[in-house]
Structures are given as structure tokens and as C-alpha cells.
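**Student:** Which chain is which? The protein sequence lines are A and B, in order. With the numbering used here applied, the first sequence corresponds to residues 1 to 660, in that order. With the numbering used here applied, the second sequence corresponds to residues 1 to 344, in that order.
Everything labelled a hint here was simulated from the structure, so no lab data went into it. Beta carbons: idealized from backbone N, C-alpha and C, even for Gly. Treat the hints with care, as some may be off.
Here are the simulated BS3-like pairs of lysine-lysine, each with C-alpha atoms no more than 27 Å apart in a straight line [claimed, not checked]:
#	chain 1	residue 1	chain 2	residue 2
1	A	623	A	52
2	B	110	B	215
3	B	141	A	344
4	A	252	B	140
5	B	141	A	252
6	A	623	A	501
7	A	239	A	384
8	B	233	B	215
9	B	141	B	110
10	B	110	A	239
11	A	252	B	110
12	A	52	A	40
13	B	300	B	215
14	A	384	A	371
15	A	571	A	584
Every beta carbon over 12 Å from chain B, so not counted as near; a handful from chain A, in silico [unchecked claim]:
#	residue
16	87
17	190
18	439
Quick partial rundown of chain A residues pointing at chain B, CB under 10 Å, derived from the structure [unchecked claim]:
#	residue
19	241
20	249
21	251
22	255
23	256
24	259
25	263
26	265
27	338
28	339
29	340
30	642
31	646
32	649
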Amino acid sequence: MSSIVEQELIPEAKKTIPRGWIFAGIIVVWAIIGKIMNGKYTLAVNLADQTKMSASINDWANHLGQNRQSNPFFVYFITPVREFISGLVDFIRSVISVPLAHSSIPMLGWLGIFAVIGFIVFITSNFRQSLFAMAMIFSVGALGLWTQSMDSLALVLTAAILSLIIGIPVGIWAGLSDRGLAVVTPILDLAQILPTLVYLAPVALFFLIGPAAATIATMIYTIPISIRLTAFGIRGVPKSPVEASVSMGTTKWQLLRHVQLPMASRTIVLGINQTTLAALSFAVIATLIGAPGLGDPVVQALVLRNVGDGAVAGLAVVLIAIMFDRSTSATLKKQGIYVPPSEKAIRNRRIGIGIFGAITVAAIVVSRQFKWAAFFPESINVSKPIADFADKFTSGAVDHFGFATTGLNTLITETILNPLESLLTGTPWFITSLAIVAISFLLGGARSAIVTTILLLAIVSTGLWQDTMVTFTQTIVATLLTMIIGVILGVWIGRSERADKVLRPFLDAGQVLPAFVYLIPMLGFFGPSRFTGIATGIIYSIPIVVKIVGQGIREVPVNMNEAAISAGSTKWQQITKVQLPAAKNSLLLATNQGLIFVLAVIVIGGFVGSGGLGYLVLVGQSKVEMTGKGLVAGLAILLLGVMIDRIAQYTVRRNSAPKQ
Amino acid sequence: MTSSHSAISVRNLWQVFGPNPENIIGSPDALLPRAELRAKTGNTAAVRDVSFDVAPGEVFVVMGLSGSGKSTLVRCLTRLIEPTSGSVVMDGEDVLQANGSRLRELRRTKFSMVFQNFGLLPHRRVIDNIAFALEINGVKKSERHARAQEVVELVGLRGFEQAYPEQLSGGMQQRVGLARALAVDPEVMFLDEPFSALDPLIRRDMQNEVIRLHKELGKTMIFITHDLDEAIKVGDRIGIMRDGAMVQIGTPEEIIANPADEYVADFTRDVPKSHVLTLRTIVRPQADGESVSGVSLDAKTIIRDATDAVVNAGGAVTVTDNGQSIGVITANDILRIVGSGASA
Ligand SMILES: Nc1ncnc2c1ncn2[C@@H]1O[C@H](COP(=O)(O)OP(=O)(O)OP(=O)(O)O)[C@@H](O)[C@H]1O
Ligand SMILES: [Mg+2]
Chain A
1 MSSIVEQELI PEAKKTIPRG WIFAGIIVVW AIIGKIMNGK YTLAVNLADQ
51 TKMSASINDW ANHLGQNRQS NPFFVYFITP VREFISGLVD FIRSVISVPL
101 AHSSIPMLGW LGIFAVIGFI VFITSNFRQS LFAMAMIFSV GALGLWTQSM
151 DSLALVLTAA ILSLIIGIPV GIWAGLSDRG LAVVTPILDL AQILPTLVYL
201 APVALFFLIG PAAATIATMI YTIPISIRLT AFGIRGVPKS PVEASVSMGT
251 TKWQLLRHVQ LPMASRTIVL GINQTTLAAL SFAVIATLIG APGLGDPVVQ
301 ALVLRNVGDG AVAGLAVVLI AIMFDRSTSA TLKKQGIYVP PSEKAIRNRR
351 IGIGIFGAIT VAAIVVSRQF KWAAFFPESI NVSKPIADFA DKFTSGAVDH
401 FGFATTGLNT LITETILNPL ESLLTGTPWF ITSLAIVAIS FLLGGARSAI
451 VTTILLLAIV STGLWQDTMV TFTQTIVATL LTMIIGVILG VWIGRSERAD
501 KVLRPFLDAG QVLPAFVYLI PMLGFFGPSR FTGIATGIIY SIPIVVKIVG
551 QGIREVPVNM NEAAISAGST KWQQITKVQL PAAKNSLLLA TNQGLIFVLA
601 VIVIGGFVGS GGLGYLVLVG QSKVEMTGKG LVAGLAILLL GVMIDRIAQY
651 TVRRNSAPKQ
Chain B
1 MTSSHSAISV RNLWQVFGPN PENIIGSPDA LLPRAELRAK TGNTAAVRDV
51 SFDVAPGEVF VVMGLSGSGK STLVRCLTRL IEPTSGSVVM DGEDVLQANG
101 SRLRELRRTK FSMVFQNFGL LPHRRVIDNI AFALEINGVK KSERHARAQE
151 VVELVGLRGF EQAYPEQLSG GMQQRVGLAR ALAVDPEVMF LDEPFSALDP
201 LIRRDMQNEV IRLHKELGKT MIFITHDLDE AIKVGDRIGI MRDGAMVQIG
251 TPEEIIANPA DEYVADFTRD VPKSHVLTLR TIVRPQADGE SVSGVSLDAK
301 TIIRDATDAV VNAGGAVTVT DNGQSIGVIT ANDILRIVGS GASA
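Just chain B, with the same shape it has in the complex (with noise of 0.2 Å):
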């Protein structure tokens, strides 16, 4: 992928915190671990070297424990935090360049951002919230409440228009805060944990209305999380933060399948590998022998929608990759994955 097909681009992102951070970068000192470095000179090197591309309309996770840089990362792009050095490229215009008033007319136009903890403005209904993004680039009342009510609509808030925001649930909240970043049609939205701060069930619901509204609008998205569950569900790719590096990017499943070091590996962990991984990553030669059913299956299916398939066949099941058989797998095969993920 180059970056001249990306929305966004990324690369060698730097932000140190602490004093001088522009002399950090490209110095021995650079290469030190994180606390190694705030020992010596007194720097948090919150975002190093990250470099990444996320194609339009893709769906881009960053995980990563707590700390690992994800907040710092995504406010690097949005230069709510200045980045020490880098560059984010956006429609071939390198954001970091941005002066002040291009900069504020990207924020207007291109990008929103949703937050964990909301950050709606209590003080203001519901439409109004919606539509303070349009009232701040100077559009009129009438199309501005206009244009808030098609994404009120939009996020199922009918009804709560004129409430305050502090008499909305949590989950309402975030609706609210995802119709605000919405509202003024962006091409890429930042989502900072935006449903960490919700009960399991609203998260689920929040999570399908993501998906949803992604599938609707086709924005392109860069999401955070630290929950893996969350991670493969809404997420096309996902990148993982690890003291600030970005130590894997791939597709859940290659993720899952090729956890690039123990630390990726312990993050899957838990995770069921039959909900994630398709057969392509289980497939094998036919054995000697081996009874092959007349059953056959893509190669992209997830070996949790075939284990049904597979286990009636009586008997191996061949796979293929575009029409072309590439190989089999029987029940046993997928009994072993089932059996090595936690619960499935």
C-alpha cells in the first residue's frame, strides 16, 4: 500500500515528553526502554518511530495496555499534542505542517474525534452539541439544526434533542458524542476508547452501531481500544502499541495466527482463535489415504461458521482458494483450535 492510495499516512511519528525532546530523537538515548530513558534524562518517549497507512474507509484499530502510547498516538494525528517529529499525511497534505488557521479548517472539515469520557459540553442541549461543531465554522442556525437532526436520526437519538446531556445514560452520551463527530461528514474519524467507559451490553450495542453506521457511511476510522473482543470485531486491521512502538499491524487474523512476540502473543491469548481465523490458516495436505467428503469450502471462512459443515461431511473436507482445492481439513483439525483458544 502506498501512501499516495492512503487516507492516512504515517510516518516515524516521535512524541517525547519531558525537556528538550527534540534532541532525544536519533541519539543513543532513543533506543533506550521507556523507563530506562525517563531515568536518565528525565523524557517519556510516549510515541516512537510509529509509521503506519490506513487505506479509505478502512476500519484501523490500535490497541495496547495501558500507557503503551495509544492516547498520545491519536492525538499526535489530530496535533491535539504536538508530535516531536514526523509526519501525517492526509490527502497528500502532511498535517504537521498545518498552520494555525489550516490546521483549525482541517479539524473543521476532515477529522472529528470521539472521546472516552464524552467531553460533551454540559451546558448545552443535545442539538446543540451536535451542531457546535457547525456553529464554530460560522453555519446558520436553521441548516445547522437541520443537519443535526439527519444525525440524530442517524444514531438513534429521536427524541433527546433538547435534553442535557446529563440526563442521558453513559451509552446516550457516547451516541451523542459519535453524532457530533459525525456531523460535519468527516473523511476520518479518531475513536479514543470511546466505549470503555460503558457497561458490557451498551458496549456491545455501541460496537453494531459502529459497524453499522461504517458500513452506511464508509468513513474511514482509526479506533482505540485496549480489548482485543472489541478489536476483532469492528476492526479491518489492527496495530498493536507497545511502549510506544508499534510492534505488529496485520489483520486479525494474521495477528492471531503470527503473534510477532510474546508480548502479542500474550494479548491473544484469551482470545477464542476459532471466531477469528478461517481455514486458510488450518488448511493441510490431503494424508495418505485420507476419505475425502464431496464437501468443500472457502478458504476465507471462519472455522467457527464451518465447523458444522465440516463435522456432517463425514469426512475431509477439501478447501479451495479462488475455485482451486489447496488442500483439507477434517473435524479433528478444527477440534484442536477449538480446543486451544480459550472457551470457545
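Bound-form chain A, shown alone (with noise of 0.2 Å):
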């Protein structure tokens, strides 16, 4: 058994040590040069100044703006697809959000969407569920928010089922298919990567502001989720019930529609619940482009840095986040379990059905004639305690705390993020290039440091190297600082039962909010500065960090760890030189996707003052003759989330142990 633990840690050793010397090495060398030739070649670029690709962007943007109506890709593609989409938000708007023409209120009153969001879940999960879900709708309308959720949810409503129209098929002929999962696959990967801000000016560019082009790109952004998740669970299908169906002669559908898909039905199910999330909170996000709801609110907290209304507006979107996913959860939880109810359990529930129905069916008579009813009355309205609750709960802490708060915000700025920031952007781009091509050298080899080779040249050669090096400055300090906080806790959970059910909750509550509604809380407690961004950053990603490392704790061999324990070690030394080398597979993922989500969220710290690309992109939303720089912007994330994977891709390939 022993001899298992040093086999693991012995060449572990060896190689550890030369590495750091040389990374150390590295570190020094440039830190020297960097001071020797400060401030020279940084390719520094004044924010309103154009680069060579902007300016020829903005030309390229205006002769698309100018040819929409003649160009045969616009009058046939571009603007069928924008209409027919509008024409669905618009259909769904005008069923919950948006007064008809003839009228003052939508097809529904308040009372009537409350009543069908209930039956909905009652329908689809349960009882329980659907009380929860219409006080969370209820809830809404208490935050003075009715309109604005109920714009989000069409939007929401659209884009996701459009998205699961789309992938759910896709998924299936990946499933099935090696090639289909082979032309899948690396746009899936992309997907992964990208940040949701990028995704945006280009789609808005095409299909012009508004709530066709935000449903477009909340779309681009979640068709991939269902796609992963329906080809994973027609992957996950047990061998034998298929070959025992192919067997009795099952045609390729028959055995699609009564084995597979039945049988992958929970992943499926799952992919629901991740494409509706995914399309709330980036449906916050779309705003930028002309998305109607929630979002509104929120952005204009952010940009007038006014707490208290945000938390009003975030404590919304979480509300309506977690009636999604708790009652698409409700739905999981039925899949895959086989226990014939009993007579009565179906008879109450036709019962159930039937009144719950009826009542449905009045709430929506009486919400298109009375006047109580159509709207969500204005005397229920809890927005301003709330919002006066938050402004003085950050201000509060602030006052009592602000030590704590401007000090960490200090601490960190001082110590890491600014000498990081003035080496990264300050030094010579082509030294700073090399210093990271070796570092990509010396953690995933020679193909590693090629392919960051090409991307950091793609990169200087958009122009905003400087901007780059900024975001990337913030997310590599981000992921440190999460690393940190993550492995403890994972650590904690992977030994600790009783930590696992007290932080689980959290954790997954944590993985449902949309990125943005972090932003609010940090704001009022930071301010806004690049350390309110990076906070955002660790808090976004921290729950699929702990998940991942916990995981790899709790799956070290017992046996290695008894060892250790007979051979007289210490929990530190247990922790240390057993368990975490044996979970490096785990540790590597969890750095992995620690930097896809800081980097994501760091993109949005651009509204809280984090400045680099993510504000680019920003201005570039709301300035006309800054969108080509804003694109470029978006390019240069883009080429920055590439090259951030395909380093820690190359180091997760190259470095895991392999698998026992």
C-alpha cells in the first residue's frame, strides 16, 4: 500500500522542484528587463483613439448598415430570421408583458400568468413546487418589477425553447453519431470559452438592436448547452438494454424513441433546467443589445452605482432563477424513478388537475375584466425597504468594516495586481510575449507554446494589446485568489461530510445566479475599481471550483490515505503529500475552468470600473464610432479566453496522472 504513495509522490518530487527554480527564473528575468525598458513598446492606445482594425471595422459596419436592404444575405437570411424571431418575442410579449393595441393590458392580467405559472409546474412537477413557483412570480410583482419580469421571461421563453428545438436534435445526431460529435465538439469547446459579453456586438451588428437580436445571441449562448447535455445523456445509455432492443429488430427509431431517448430523458431534462438558467442570465446581460426586462434595471444600477435599486432589480432575477431551477428540478427528480402510483395517488392528481384547471381558467377570465386583476396591484410594494435595506447594509459594512473592505481592496491591488499589471502591460510587448511563451513552454510543451505563439501575435496585431494585458492581468490574480479560497474549501467538503452538506446548498444555489447579479453586492461593498471585478470573479466562480476539487479529494484511494495515516503522518502532511498530488487531475480542471469563468466575469467588470477589453466592449455598445473597437475588443477576449484554455489544456494533458 505504501509503496503506492511514494510511487505517486516520488517522481512528483523531482519534477516539481526544477520547474519552480526555472519558473522563478523566468519571473526574475522579465521583472528585470521590464524595469531596465519600462514604458517602452507597450503599444499603449488612448481609448478613443482607433487601431488599424477598428477604423477598418467601423468602414466595414457602415457599408453593412448602408447595403441591409439589397444584400442578398441580408433580404434573405439576415432579416427573414431577425422578423420571424421578433415576431415570436413579440407574440409572447404581447401574451404576458405587453398591452395590446386595442387595450391597456396583455392577453393575461397578473392574476391570470400567476395562475398559469402555477398550473404549469404544477403539471410538470408538483404540489409544493408550484405554490413555491407562483410566490416567487408573486414576489416579483412585490418588487415593483411585474412588467420587467414578465418582458425577461418572454424573452426567456423564446430563446429557450428555440434553443432546445434546435439542440435537442443536434444533440441527439451527436449522440448517435462519432462524426456528428465530431462536428460538434470544437464548436461546443468554443462555446465553453467565449464570454457571454463577446457574443454580443456581432450579433447586434447583423440583427440590429433590439429584442430579436438579444434573444439571437441569448440563443447562441444556450444551443450549445442543450446540445452538450442531450448528446451526453444519449451517450450515458446503458450497452445492454440498446443491444438487447437492436436485438429484437428494432428499427434505428424505434429504438431512439423507445430506448434512448426514455432512457436519457433525465440528462435531458437537466439540459432544460441548464438552458433556461443559461438564457435568464444572459437574457440580464442582453440588455446591451436592445433586450426588454430585468436587465434594464440592473445595468442602470450599475452605471449609476446606485446599490439599492440594483439589489431590487438582482433580487428579481434570483427569484425568478431559482423558480426555474427549482421546479425543473421538481421534473428531474420524477425522471428515472419507476414505482407505479397508486390508484388514488392518480386519482387525487386527476382530481388535483382538474380543480386546479378550473381555477386557472377563471383567474384568466377575471384578469382580462377587472382592473385588480389585470394589473399587480401598486399597494403591494416592498422595492423601497429593500432597496434602502441594501444601501444601508453596504454602507453599513462599509462604515464598520470599511477597514476590512478597502483594506483587502488595498492589500491586493497593492501587492499583486498593480506590480502584475505594470510588468504585463508595462514591459516591452514582445518580452512580456516571450516571458509567457516560456512559462506556456515550461506547463504544457512545445505545442503549447506554439499555439500561444500564434495567438499572442493575433493579438498585438488587433491593436489592443495593452487593453489585453490589463484583462488578463485581473483574471490571472482572480483565479490565483479563487484557487486559493477554492482548494481550501474543497478540500474541507472532499473530508468532511458534515462540510459537504452545510457549503452544498450554497454551492449549487451559487452555480443558478447569473454572473451579473454579483456584480451589485460587490459594488456596494468595493466600490468601483478593478478589485470589485476580481471579487466578482472569485464569488462567480468559486462553487465550480469547491465541486471539482472536493470531488477529486473524495475520490484518493482509501487505502492511500490509511497508509499515510499508519505511516504516522499529520492531517497537514495527509492533506499535503497524499491527498491533493493524487487529486492533481482535479486540481488542473478546477484551475481550468476557474480561469473560463473569472475571465467571463471579469469581461463585465467593465461596468464597475475594471477597465480593459470588458469596458471596450461597453463603450463600444453605447458609442456608434467606437463599435468597430468594440468588436476588435470582443476579438481580442476572444483570442485571450483561446489562448487561456488551450495553456491549461496542454498543462492538464501533459501533467495528469494517469488514470488507475
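Dock the two chains into a complex; use the hints.
**Tutor:** Printed below as a string of C-alpha cells:
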């Protein structure tokens, strides 16, 4: 037994020490050259200045705009797609949020919608979830955001339904055919690294700002999710029932319909859950390209640094997210449980559906007749106290614990962020590039270095080198901190069942919420600064990191631990000498995921003073003459993301312990 | 036995996994031992040049160590795996030549399979699992449920029709597997280690069940197992596989009495010979002056069943074949056999 431990540890020890020295050496040389040549060849560009690429993209965008009416690509493809989707969104909005032409309310008044939502959740899961969903919807109304919420709902529903209509069949294809999988995999991989903010500008360029563009951008974000989970579900169907069915002479279609789809239903429902939640989180950010709904107050609050109003809007998003998650999760739990319900249960449910259905119809009718049932009562409004509370809470926290919040902010900013940023941005670009390539080589080997070189040159050619390095710095710092906290918590939940029980609900809840809403409290605590984006990135990516690390620690073979304990190691030795090295693959994977999650948030940190590429994208969104630069910044984010991901992937591949 | 009278006739069947499998067959590489072939070309010859016939109504057992190619062989016969070459003739038709729709038709009507890990559909009730094969064949619901109900009774699952598979024990689940295979009233059933996942007591029950069903329905069966006791119990004839090749085919008695090689002998070592061999294998000419009792026994009698009669006979017992005497045996002869096989 102890030999397993030794085998694991000895080569480990031999490899890391020299590599650590080389790494330190690279940093030292880089820093020294940086000091000497500080400020030279830094490729700095002023905010208002155009780069070569951004100028030509501006021209091209103008050109596109002028030819919208005549270019066949627009006339026969883009415009019809836009009109179809915008028709769909408008229709759903006319049902739940936008007043019809001849009246002052949509097809359904609030009471009708309230009942319909309850009824749908009742049918797809159960009565408790239905009550819960109605409570959530009611609370959203009480926050004074009924119409905005319904607008968001309309957009989310349109995007999610269309995504599933496209994603499930494609996912089935990728699940059944290896060729299909080969075709989709690179697209799915790219979609996973691409920060949400990057989708917006190109989509708006083609589809014009408005609900249609917002829906399409959302779909680009969510379709890969439903493809991935559907394919995963189909591929996960156990072999033996499939084989048995084929041996009975099923056609491919019968096999799919009677065996593969039902057996993959759990994962497919999980895909519906994830698709819907992702659509909601995207719908918030899509307000930048004209999504109606809750994104608007959230963004307003961020721009105006109004924590109170932001908290109210953010809370509404959270409530809707929880509602979606709870009701789809309850449906999920029903899948894969095959116990015949009793006669009585079936009868009760039938009666329940009958009664609930009747009430729903009544509520719909009433909501179209009476004012009180049509408009959410204004007398029920708790937004003000909540906004005040949030304001007081954050300012109170800052007053009382300001030494902690500003202290932390200053500490991180001055000890890590500033030195690293000046190293990355202040050193001549070719020196910094060389250093990054060297580190990439050290981590991931020759191929990693080559790919890194190509991507760095591409970044240089965008003309936004400096902004990219600003964003890169923040990503590195946030990921470092995330990994420190994430590994500590991950080891904790990996070693203790109790800790897992305590933390797990927070981790689950944390994964449900859109990144955007985390910005609001962080803004309250830390004010507009680079650290606010970093803190948000940490909060957002910790759940996934903790989960992966915890899982990795838990999977360390028990006998390795026992061997270490019997050899008399302390708890600390056990963790650092046995469990962490043995969970190395998980640590690498967690770092990879952490980097991608962090980057996505750092970019939207442009709202709260992060600067860098994210800010350029936002500026590009709001000023016509900056469109080109915003698009180029999006491209630079994409390149940076791919570079980070490639280095991480090559590192994982090169350093993974072979599977036992 | 000629193939025209066989339920299944398999000729020169090959299944080679790996790159360019066609090139292996007929080349000198085909003769290499399996491990060497894999080292040289990356191919695994899972089934090598297998030929055998199964008579209508016969239970043909295929045995062999793990990895010897039993599952691959049976999957080749039903084309769940496409064989690399050879022929599998059923009812005068080469199954390997059937096109997609003909193959489906054969699977729906002519043969069915039972699997080691059951392969039931967890989302369907027992009755609908059993009726599944009929359902995909377009049989109306009332009709297929009626037929399913018949086989439910046949395999002793009455009362569990509405349960879901995971509510049943392993043995019960495999009864569903059997029922499902019987539902289409196939001519041939393939059973791939159907009882290996069950514990010994239930396994014995299920073996008896198969023997009973075979007696009642007379289906031709190809039954895979790696348990020689099971093979002897259910099999009319046994084929023994090693490294993909069929090394010996014969009745249990032939195989135990005359193992073709060390490998087969190894297999049969632990079997109590007296339970399998008949008097024919130990009969000898009468020695000079040996006293013969008046008792006579047929040569087809299993030794174990003859023991009492021989011991109580008070002298050598005459062994007859079709009424003709072919020699004698004594209690000592029997004791020698009982003593040589492991504990009887
Ligand atoms: N899809 C495949 N690709 C490559 N090799 C395979 C494949 N399936 C089986 N083999 C190989 O073919 C050989 C025979 O396998 P098979 O499953 O037929 O053995 P078996 O006799 O059924 O063994 P067991 O008693 O363990 O079920 C094995 O060496 C196996 O590794
Ligand atoms: Mg097998």
C-alpha cells in the first residue's frame, strides 16, 4: 500500500522543484528587463483612438448598414430570421407583458399569468413546487418589477424554446453518430470559453439592436448547452438495453424513441434546466443590445452605482432563477424513478389537475375583466424598504468594516495587482510575449508554446495589446485567489461529510445565479474598482472550483490515506503529501474551469471599473463611432480566452496522472 | 449431421477486431496465437474459423474461459457484431447475407436473445418489457398484452406484470428476460451467460426453469456459460472455445471421457465424472473366472445412478447395449471412477 504512495510522490517531487526554479527564473528576468525598458514598446492606445483594425471594421460596419436593404445575404437570410424571431418574442410579450393595441393590458392580466405559471409547474412537477413558483412570481411583483419580469420571461421562454428545438435534435445526432460528435465538439468547446459579453456586438451588427438580436445572442449562448447535455445523455444510455432492443429487431427510430430517449430523459431534462437558467442569465446582459426586461434596471443601477435599486432588480432575477431551477429540478427528480403510483394517487392527481385547471381558467377570465386582477396591485410594493436596506447594509458594512473591505482591496491591489499589471503592460510587448510563451512551454510543452505564440501575435495585431494585458492580469489574480479559497473549501468538503452538507446548498445556489447580479453587492462593498471585478469573478467561480476539488479529494483511494495515516503523518501532511497530489487531475481541471469562469466575469467588470477589454466592449455598445473598437475588443477577448484555455488544456494533458 | 437438417449451421466464421480485419484472414498472420497477432498488427481475432451445427430442438452449449470469444461468437450469429467472414445458415438462408430489413425481420421472428445483464428497459413495466418485441413489430396492444400474459404465466411471473424491473430481484429480472425472448415464439434462442449474475440458489432454479421450458417448448438453444456444471446440466452437446477457436465439440460424456487437449481436460477436472459418464465408458470384457450376477444394466445408464444396483448385485453386472451384452462392470470399477473425479 505504502508503495502506491511513494510511487505517486517521488516523481512528483523530482519534477516540480526544478520547474519551480525555472519559473521563478523567468519571472525574475522578465521583471528586470521590465524595469530597465519600462514604458517602451508597450503598444498603448488611448481610449478614444482607433486602431487600424477597428477603423476598418467601422468602415465595414457602415457599409453593412447601408447595404442592409440590397445585400441578398441580408434580404434572404438575416432579415427573415430577425423578423421571425422578433414576431415570436412580440407574440409572447403580447400575451404576458405588452398591452395589446386596443386595450391597456396584455392578453393575460397578472392574476391569469400567476395562475398559469402555477398550473404549468403543477403539471410538470408537483403542488409544492407550484406554490413555491407562485410565491416567487408574486414576490417579483411585490418588488415593483412585474412588467420587466414578464418581459424577461418572454425573452427567456422564446430563446429557451428555440434553443431546445434546435439543440435537442442536434444533440441527438451528436449522441448517436461519431461524425456528429466530431462536428459539434469544437463548436461546443469554443462556446464554453467564449465570455457572454463577446456575443453581443457581432449579433447586434447583423440583427440590429432589439429583442430579436437579444434573443438570437441568447440562443447562441444556450444552444450549445442543450446540445451538449442531450448528446451526453444519449451517450450515457447503458449498452445492454440498447443491444437487447437491437437484437429484437428495432429500427433506428424505434430504438431512439422507445429506448434511448426515455433512458436519456433525465439528462435531457437537466439540459432544459440548464438552458433555461443560462437564457435567464444571458437575458440580463442582453439588455445591452435591446433585451427588454430586468437587465435594464440592473445595468442602470450598475452605471449609476445605485446599490439599492440594483439589489431590488438583482433580487428579482434571483427569484426567477430559483423558480426555474426549483421547478425543473423537481421534474428532474421524477425522471428515472419507476414506481407505479397507487390508484388513489392517480385519482387525486386527476382531481387536482381538474380543480387547478378550472381555477386557472377562472383567473384568466377575471384577469381580463377587472382592473385589480389585470395590473399587479401597486399597494403591494416592498422595493423601497429592500433598496434602503441594501444601501444601509452595504454602507454600514463599509462604515464598520471599511478597514476590512478597503483594506482587502488595497492589499490585493498594491501587492499583486499593480505589480503584475505593470509587469505585463509596462514591459515591451515582445518581452512580455516571450515570457508568456516560455511559461506556456514550461507548463504545456512545445505545442502549447507554439499555439500561445500564434495567439499572442494575433492579439498584437488587433492593436489592443495593452487592454488585453490589463484584462489578463485581472484574470490571473482572480484565478489565483479563487484557487486558494477554492482548494481550501474543496479539501474541507472532500474530507468531511458534514462540511459538504453545509456548503453544498450554497454552491448549488451559487451556480444558478447569473454573474451579473454578483456585481451589485460587490460594488456596494468595494466601490468601482478593478478589485470589484476580481471579487465578483472569485465569488462566481468558487462554486465550480470547490465542487471539482471536493470531488477529486473524495475520489482519492481510501487505502492511500490509510497508508499515510498508519505511517504516522499528521493531518496537514496527509492533505499536502497524499490527497492533493493524488487529486492532481481535479486540481488542473478546476484551474481550467476557474480561469474560464473568471475571464467571463472580469470582462463584465467593465461596468464597475475593471477597465481593459470589457470596458471597450461596453463603450463600443454605447457609442456608434466606437463600434469597431468594441468588436475588436471582443475579438481580443476571444483570443485571450482561447489562449488561456489552450495553455490550461495542454498543461492538463501533459501533467495528468494516468487513470488508475 | 448435414447442414440441411440443422437449425443452425455455422461455417468458417471469423471475427477480427482492429484495423483492416479482412487482410488477416487467409494470411499467415491468422495462424498466430492471439497475443502475438495483437502485438504484430493490433488486431484481435475474437472468433477464429469456427464451424458447427446445431440440430433442431437441441441445446448447444458454448464454453470457454473469459475472453475466449463466446460472447463475440453469439453476437456474430445474430449480427449484433458483423462477422468478418464465414456463413451462418438458418433454414437454408445465410443470415450474414441478409440486408437491413431482412435482418430485422429475422430478429423479430426467428431468433431472440437473453443477456447476462438482462438488458431490460427500466422505464417500462414488466408486461411492456415482455411485449416490446411484439410492439416494435406492430402488434396491436390488446393482442400483444394477451401474448405477453401467456409467457408471464409460463415463466412464473404472474402478479408482477405491473411492476417495474428495478423492483424485482435479479432472478425475477432474468425471468423477464426469458419471457421477453419467448414472447415472439422464436425458432432459436441465444442465451449469453444468462445466469452468471445470479447467486447459486437462484441460478439452480433458473437452470431448472430453462430445462423445463426446453422440454415444454422444444426450442433450439445456443447457451453460453463458463460453468461446466451448468453446461452438463442443460446441454445436449458442448462446444469448448479457446482463444477464439472451437477446440472440441461433443456430448458432455464425450468431452469428459476424452478431452481433446490439456485445456479441455483442465476444464473438466473438477467435474464428478460419475455424474456424467455412462456405463459405456467403463465397461470391460469379463475376466476369466469372474462371477457374474444376474443383474444387467443398459450402457446409457449414468454411473452414479448405477451405483446402488452394482454394489448390491454381489458380483459383476452385465452391461447391455440394445439388449446385447457388451461386457461387465463391478463395484470396484465404479469406486475407481468415483475416487478419481473430485468429490462426488
Ligand atoms: N469491440 C471490441 N473491440 C476489440 N476487441 C474486442 C471487442 N469485443 C471483444 N473484444 C476482444 O475479443 C475477445 C473475446 O471477447 P468476448 O467478450 O467474446 O469473450 P467472452 O468469451 O465472452 O468472455 P467473458 O466470459 O468474459 O464474457 C477478448 O479478447 C476481447 O478483448
Ligand atoms: Mg461474454
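**Student:** Confirm or reject each hint.
**Tutor:** Now for the hints, and whether the structure bears them out:
Pair hint residue 623 (chain A) plus residue 52 (chain A) holds up; C-alpha atoms about 18 Å apart against a cutoff of 27 Å. Pair hint residue 110 (chain B) plus residue 215 (chain B) holds up; C-alpha atoms about 19 Å apart against a cutoff of 27 Å. A distance of roughly 25 Å separates the Cα atoms of residue 141 (chain B) and residue 344 (chain A); the hinted pair therefore holds under the 27 Å criterion. At most 27 Å may separate the alpha-carbon atoms for a hinted pair to count; residue 252 (chain A) and residue 140 (chain B) meet this at roughly 21 Å.
A C-alpha spacing of about 21 Å is found between residue 141 (chain B) and residue 252 (chain A), which places the hinted pair at or below 27 Å, so the restraint holds. Under the criterion of a C-alpha separation no larger than 27 Å, the hint pairing residue 623 (chain A) with residue 501 (chain A) is inconsistent with the structure, at around 49 Å. Restraint check for residue 239 (chain A) and residue 384 (chain A): the C-alpha separation of about 57 Å exceeds 27 Å, so the hint is violated. In summary, the hint linking residue 233 (chain B) to residue 215 (chain B) is supported, as the alpha carbons are separated by about 13 Å, within the 27 Å threshold.
Our distance criterion of 27 Å between C-alpha atoms is met by residue 141 (chain B) and residue 110 (chain B), whose separation comes to about 21 Å. With a C-alpha separation of about 23 Å, the suggested pairing of residue 110 (chain B) with residue 239 (chain A) holds against the 27 Å cut-off. Taking the CA atoms of residue 252 (chain A) and residue 110 (chain B), the gap is near 20 Å; set against the 27 Å cutoff, the hint holds. At roughly 20 Å between alpha-carbon atoms, residue 52 (chain A) and residue 40 (chain A) fall within 27 Å of each other, so this suggested pair holds.
The hinted pair formed by residue 300 (chain B) and residue 215 (chain B) meets the criterion: a straight-line CA distance of about 20 Å does not exceed 27 Å. About 24 Å separates the Cα atoms of residue 384 (chain A) and residue 371 (chain A), which keeps this hinted pair within 27 Å; it holds. Taking the CA atoms of residue 571 (chain A) and residue 584 (chain A), the gap is about 18 Å. The hint holds against a cut of 27 Å. For residue 87 (chain A), the requirement that its beta carbon stay farther than 12 Å from each beta carbon of chain B is met, with the minimum near 38 Å.
Every beta carbon of chain B lies more than 12 Å from that of residue 190 (chain A), the smallest distance being close to 32 Å; the non-interface claim holds. Every Cβ of chain B is farther than 12 Å from the Cβ of residue 439 (chain A); the closest lies at roughly 38 Å, confirming the non-interface assignment. Given the 10 Å rule on beta carbons, the hint for residue 241 (chain A) holds: about 5 Å separates it from the nearest Cβ of chain B. About 3 Å separates the beta-carbon of residue 249 (chain A) from the nearest beta-carbon of chain B, less than 10 Å, and the hint is met.
Among the interface hints, the one on residue 251 (chain A) holds; its C-beta lies about 7 Å from the nearest C-beta in chain B, closer than the 10 Å criterion. Interface restraint check: residue 255 (chain A) against chain B, minimum CB-CB distance 9 Å, threshold 10 Å, status holds. For residue 256 (chain A), the suggested interface contact is broken, since its CB lies about 12 Å from the closest CB of chain B, more than 10 Å. Hint on residue 259 (chain A) holds. Least Cβ distance to chain B is approximately 6 Å, under the 10 Å limit.
For residue 263 (chain A), the interface hint holds, since its Cβ comes within 10 Å of a Cβ in chain B; the closest pair sits about 7 Å apart. Using the Cβ-Cβ criterion of 10 Å, the hint placing residue 265 (chain A) at the interface with chain B is satisfied: the shortest such distance is roughly 8 Å. Contact between residue 338 (chain A) and chain B, as hinted, is supported at the beta carbon level, the nearest pair being about 4 Å apart and thus within 10 Å. Hint status for residue 339 (chain A) relative to chain B: holds, with the closest Cβ pair at about 7 Å, below 10 Å.
Look at residue 340 (chain A): its Cβ gets to within about 6 Å of chain B, closer than 10 Å, so that hint holds up. With a cut of 10 Å, the hint placing residue 642 (chain A) at the interface with chain B is violated, because the nearest CB-to-CB distance is about 34 Å. Annotation: residue 646 (chain A) was flagged as interfacial toward chain B, and the flag is violated, the nearest CB pair being 31 Å apart, outside 10 Å. Below 10 Å, beta-carbon pairs count as interface contacts, and residue 649 (chain A) has none with chain B, the closest being about 28 Å; its hint is therefore violated.
Comparing the model with each numbered hint stated earlier shows that hints 6, 7, 23, 30, 31 and 32 do not hold.
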